[in-house]
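Peer 1: All residue numbers for the sequence shown refer to full-length UniProt numbering, where the first residue is 1 and numbers rise by one.
Calculated directly from the structure, the hints in this document are not laboratory data.
If you're wondering where the values come from, they're calculated on a predicted model, not measured in any experiment.
Glycine included, each C-beta is placed from N, C-alpha and C at the ideal position.
Hints are supplied without guarantee of correctness; some may be wrong.
Straight-line distance between alpha carbons at most 27 Å, and here's what the computed BS3-like set of lysine-lysine pairs gives [what the hints assert, rightly or not]:
(1) LYS9 to LYS79
(2) LYS403 to LYS17
(3) LYS9 to LYS415
Label-pair distances were calculated between CB atoms; the ranges are [unchecked claim]:
(4) ALA392 to GLU245: 24 to 34 Å
(5) ALA392 to PRO89: 46 to 56 Å
(6) GLY250 to ALA303: 23 to 33 Å
(7) HIS105 to PRO237: 36 to 46 Å
(8) GLU44 to ASN164: 43 to 53 Å
(9) GLN261 to PRO42: 48 to 58 Å
(10) GLN261 to ASN164: 17 to 27 Å
(11) ASP375 to ARG263: 54 to 64 Å
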Amino acid sequence: FVGPRPGEKVSTGMALKAAILNALGFVTSPLYLFGHFFQGKPTELLLGPGITPELLNDDRMGRMLDSLYAAGVTELFVKVAKSARRAFPFPVRALHVDSTSFHVHGAYRSGEEGQTDTGDEPLVIRLTHGYSRDHRPDLKQWVMNLICADTGGIPLLFAPGDGNQSDQEALVSLLARYRQGLELGEVVVLDGASYSQENLGALQGFSWVMRVPATLKEAKVLLRKELPQEAWRPLLPGYRGLEVESEYGGVRQRWLLVESQERARMEEASLQQRIARAEGEARKVLGQLTARTFACEADARRALSEASGRLPLHRLVYLGVQEERQWERVGRPRKGERPLAVVYRLRARLEVDQEKLERARRGLGRFLLATNVLDREGLPPQEVLRRYKDQARTVERGFRFLKDPLFFAESTFLKRPERVMALGMVMALALLVYALGEWALRRRLWEAGSSLPDQKGRPTAKPTLRWVF
């Protein structure tokens, strides 16, 4: 841990506590206005005797970030999270792993964009362009990796990454690196980006649940396969599924084909839009064909068949050909004059191809999950689905919290990558405090059989901590 330094009026720990209070104040207060947040607030009561708002300035914040970086932001965060878990022994059934990006403002020289691994020294992340979850490809960014408990989405590990980080490699590598430090004995849940033959081998010894990418050949077949109704089994409300065995990547696993009613309705609406767009393109194809002339009826029918086969959702129906004679000169031909050529024009109509449409509908609402937990009683199919769905209310919810416009670090305005890394740790610690506080509040309400009024005045046993604040 980071200890106090001689002569410091505000220790690094106290400055960190102040930064977390700033973050949980839910007001737009950028880093360079850090001291302004505490103006008029009882800082001595909140932070300790002798601590005034004037001491909580941007210089102190900068030195605090430097100290956190020097201590190793990931290692330090893991220690804090383990201490929190000992102080508040919350249950953990699954760990959810994911990443998101935060864009940065300003130009960063190449010398500030990374370094090689030289041993125990902390590595500096690369602030660079990459896949932007914020839809800002014009800005450089860094990536936040989190491992969260299924209980309340409480973060247990934070690790900053390069702006162009490959999730396919980074997340599994992170799990393997901190396996002992996190005491990972639970099922880990990852998204489809991590599902590959290489990663399945690297995850040996872990119990995992992952989404299978729809781009895999084996997955495509199963997602589009026509299946009898009796093969499906109910899972959670609005979901049904069926299991098959797989040995993809040389790893024995259960594949769970899931069909969601709500997702199917949404994808049906999208399919109708696709049909409308495809019809416009198909009419252009039909217009081009009917404008052409052909040497014989067979050529016309062949061209129609080839064009019809290329249409994704429609077909062209042959209605016949119209014979046209081409003469040497314009006007009525002379008696006995022979035409220069006889050509044929297509007559056809456009319609939706029901077979193509049925094949497109066959996969609506479906997705594929995989787990290497072969014991169906230990991890039933409905639990596999539930663990995967929890990704949205755990780690993804944490990312939404951190990117809220009211959070003090929606985007990053720092000059050095080292401080960006340390600020990321402050953000993750604020999420840790928030998620842990919300879990503790809801647990107390559940134990007391009590509730609190929500925003509309109705009683709820699961209030958000922000609403309570």
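Peer 1: Each hint needs a verdict: does it hold in this structure or not?
Peer 2: So, going through the hints one by one against the coordinates:
Taking the CA atoms of LYS9 and LYS79, the gap is near 25 Å; set against the 27 Å cutoff, the hint holds. With a C-alpha separation of about 20 Å, the suggested pairing of LYS403 with LYS17 holds against the 27 Å cut-off. At most 27 Å may separate the alpha-carbon atoms for a hinted pair to count; LYS9 and LYS415 meet this at roughly 25 Å. About 28 Å separates the C-beta atoms of ALA392 and GLU245, a value consistent with the hinted range of 24 to 34 Å.
Evaluation of the 46 to 56 Å hint for ALA392 and PRO89 yields a failure: the beta carbon distance comes to about 25 Å. A C-beta distance of roughly 48 Å is found between GLY250 and ALA303, which places it outside the suggested range of 23 to 33 Å. For HIS105 and PRO237, the hinted distance range of 36 to 46 Å is satisfied, since their beta carbons lie about 45 Å from each other. With their beta carbons about 45 Å apart, GLU44 and ASN164 fall inside the hinted range of 43 to 53 Å.
Hint check: GLN261 to PRO42, Cβ distance near 53 Å, so the stated range 48 to 58 Å holds. One distance hint, 17 to 27 Å for the beta-carbon pair GLN261 and ASN164, is violated here, with the actual separation near 38 Å. For the pair ASP375 and ARG263, the supplied restraint of 54 to 64 Å is violated, since their beta-carbon distance comes to about 28 Å.
In summary, the structure is inconsistent with hints 5, 6, 10 and 11 from the numbered list given earlier, while agreeing with the others.
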